[in-house]
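Q: Protein chains in written order, with the numbering used here: chain W, 1 to 158; chain C, 159 to 316; chain B, 317 to 396; chain F, 397 to 476.
Hints were generated in silico from the structure; no laboratory data involved.
From a predicted model like this one, the values you see are computed outputs, not experimental measurements.
Idealized CB from N, CA, C, for every residue including glycine.
Any given hint might turn out to be false.
Restraint-style ranges between C-beta atoms, simulated for each label pair [unchecked claim]:
{"no.": "1", "chain 1": "F", "residue 1": "Asn444", "chain 2": "W", "residue 2": "Lys53", "range": "17 to 23 Å"}
{"no.": "2", "chain 1": "W", "residue 1": "Leu98", "chain 2": "F", "residue 2": "Ser462", "range": "42 to 48 Å"}
{"no.": "3", "chain 1": "W", "residue 1": "Gly23", "chain 2": "F", "residue 2": "Asp445", "range": "36 to 42 Å"}
The calculated BS3-like cross-link candidates involving lysine-lysine, where the alpha carbons are at most 30 Å apart (straight line), are [stated by the list, open to error]:
{"no.": "4", "chain 1": "W", "residue 1": "Lys157", "chain 2": "W", "residue 2": "Lys110"}
{"no.": "5", "chain 1": "W", "residue 1": "Lys80", "chain 2": "W", "residue 2": "Lys53"}
{"no.": "6", "chain 1": "C", "residue 1": "Lys227", "chain 2": "C", "residue 2": "Lys306"}
{"no.": "7", "chain 1": "F", "residue 1": "Lys431", "chain 2": "F", "residue 2": "Lys398"}
{"no.": "8", "chain 1": "C", "residue 1": "Lys293", "chain 2": "B", "residue 2": "Lys353"}
{"no.": "9", "chain 1": "C", "residue 1": "Lys238", "chain 2": "W", "residue 2": "Lys80"}
{"no.": "10", "chain 1": "F", "residue 1": "Lys431", "chain 2": "W", "residue 2": "Lys56"}
{"no.": "11", "chain 1": "C", "residue 1": "Lys227", "chain 2": "C", "residue 2": "Lys268"}
{"no.": "12", "chain 1": "C", "residue 1": "Lys268", "chain 2": "W", "residue 2": "Lys53"}
{"no.": "13", "chain 1": "C", "residue 1": "Lys293", "chain 2": "W", "residue 2": "Lys157"}
{"no.": "14", "chain 1": "B", "residue 1": "Lys348", "chain 2": "C", "residue 2": "Lys268"}
{"no.": "15", "chain 1": "B", "residue 1": "Lys318", "chain 2": "B", "residue 2": "Lys351"}
{"no.": "16", "chain 1": "C", "residue 1": "Lys293", "chain 2": "C", "residue 2": "Lys271"}
{"no.": "17", "chain 1": "C", "residue 1": "Lys293", "chain 2": "B", "residue 2": "Lys348"}
{"no.": "18", "chain 1": "C", "residue 1": "Lys214", "chain 2": "C", "residue 2": "Lys293"}
{"no.": "19", "chain 1": "W", "residue 1": "Lys157", "chain 2": "C", "residue 2": "Lys306"}
{"no.": "20", "chain 1": "W", "residue 1": "Lys113", "chain 2": "C", "residue 2": "Lys211"}
{"no.": "21", "chain 1": "W", "residue 1": "Lys69", "chain 2": "W", "residue 2": "Lys113"}
{"no.": "22", "chain 1": "W", "residue 1": "Lys148", "chain 2": "C", "residue 2": "Lys268"}
{"no.": "23", "chain 1": "C", "residue 1": "Lys271", "chain 2": "W", "residue 2": "Lys157"}
{"no.": "24", "chain 1": "C", "residue 1": "Lys211", "chain 2": "W", "residue 2": "Lys80"}
{"no.": "25", "chain 1": "W", "residue 1": "Lys69", "chain 2": "C", "residue 2": "Lys271"}
{"no.": "26", "chain 1": "W", "residue 1": "Lys80", "chain 2": "C", "residue 2": "Lys293"}
{"no.": "27", "chain 1": "W", "residue 1": "Lys148", "chain 2": "C", "residue 2": "Lys293"}
{"no.": "28", "chain 1": "C", "residue 1": "Lys293", "chain 2": "C", "residue 2": "Lys227"}
{"no.": "29", "chain 1": "C", "residue 1": "Lys211", "chain 2": "C", "residue 2": "Lys227"}
{"no.": "30", "chain 1": "W", "residue 1": "Lys53", "chain 2": "C", "residue 2": "Lys315"}
{"no.": "31", "chain 1": "C", "residue 1": "Lys227", "chain 2": "W", "residue 2": "Lys80"}
{"no.": "32", "chain 1": "C", "residue 1": "Lys238", "chain 2": "C", "residue 2": "Lys211"}
{"no.": "33", "chain 1": "W", "residue 1": "Lys148", "chain 2": "C", "residue 2": "Lys271"}
{"no.": "34", "chain 1": "W", "residue 1": "Lys110", "chain 2": "F", "residue 2": "Lys431"}
{"no.": "35", "chain 1": "W", "residue 1": "Lys53", "chain 2": "W", "residue 2": "Lys110"}
{"no.": "36", "chain 1": "W", "residue 1": "Lys135", "chain 2": "F", "residue 2": "Lys428"}
{"no.": "37", "chain 1": "W", "residue 1": "Lys135", "chain 2": "W", "residue 2": "Lys113"}
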Amino acid sequence: MSNAIGSSPQIRVSVQFEDFNLGDEYQEIKNRDQGQGAVVTFSGLVRDNNLGKNVKGLFLEHYPAMTQKCLIDICEQACKRWELAAVSVIHRVGELSLNEQIVFVGVSAKHRKSAFEGCEFIMDYLKTQAPFWKKERFADGEAWVDAKQSDQHAANKW
Amino acid sequence: MSNAIGSSPQIRVSVQFEDFNLGDEYQEIKNRDQGQGAVVTFSGLVRDNNLGKNVKGLFLEHYPAMTQKCLIDICEQACKRWELAAVSVIHRVGELSLNEQIVFVGVSAKHRKSAFEGCEFIMDYLKTQAPFWKKERFADGEAWVDAKQSDQHAANKW
Amino acid sequence: MKVVFFGKLREQVGTSVIDVIETPENIEGLLKVLKSKGDNWRQAFDDNDVLIAVNQTLCDSSQMLSFNDEVAFFPPVTGG
Amino acid sequence: MKVVFFGKLREQVGTSVIDVIETPENIEGLLKVLKSKGDNWRQAFDDNDVLIAVNQTLCDSSQMLSFNDEVAFFPPVTGG
């Protein structure tokens, strides 16, 4: 997470081409959080979709001037709503193959409920607010992924 | 996770003295889950309590004949309620120092909501049903940890 | 019948396992037997919330008993 | 005023950035200017849900504009 920045030491955000190592990111959170009781991580991976077309991979486009600012803003909202000790978000961009890691969110807190909710909140907001767009690559072509109603509902519940 | 067993290939449970490596456990879940989109992990660590006594560590007692059976049962309940591809639970027993890892729950699923809820459900049930007891070690003595009402409430919500 | 104890309850009764020769009809009956074993036994069961498992499955005090059951008594659990 | 486009919308209008010399009063006005640039422009904005950001912050079409704003149009986001 070399290009990680945050508005406070609690928050680290990175938008990057490179893959990440979940074990290293977990360790980094523990080093930063001063001995909290609970760490929740989420990772999202490129998967084959439901529509019967075999997904070979993804192209992930983003809005560079806005992305990091938006992710930091989402993390700051999470830190206002829950008592969180450390928050990390990594989102990859560019070309990704099937089963590759796309996104990581890690949250540590004193209490597990805060860690679970903070992590899920960040993912739900990221899914509906952060300026990323996926184009799926198939054997015989490519198509932009449509936004899902269920993601909007998930974000509205908070 | 050498002594891991489960009633189905979906479920792996281990009760052990040894520490675990979160990165390895995450990889093991991904190897087993056949390309799911979402992985959520929880880890709980020994932390200093709120009561002003400095916790040096914990002794974790359990009921060997019941522990693994109970954890598998909790995982099976989670797999009935949510579509989960792979579930791992590791719980340590014996003497643990401050900041050591106590428990790991990892869940993979096609959809992130299932992965988050399945993981939190397992932790909430484990906290109120699995036969483990913590005794905190202080500089000047030791004391059994009291069960928390908030844990019972968390389990009742499911 | 094997009866096992854990955690704080184990310390209060001063043993982790006993053998009960005559099997009571149910848990209520077994509790009477145990509480008659001394002040520390009575206090251990009166002062604390006690959970019960028969053959490693949680149950309540109406649970019927057989001579080869394993019965466990323990405080509310605090793992995780 | 710099106007940028992303994702499917970028492909439909055939460019990722344009410079609009006369700054319209608000987003509504800017949309009129853009839709007049050709059938593909009109269709791109009529056929899709379009999100708007001014200076990298999401907003709605009543948002007032200044000459040095950066305006972005894009489809609903699909990251994560």
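Q: Checked against the structure, which of the hints given earlier come out wrong?
A: Failing hints, ascending: 5, 9, 10, 13, 14, 16, 26, 27, 29, 30, 31, 32, 34, 35, 37.
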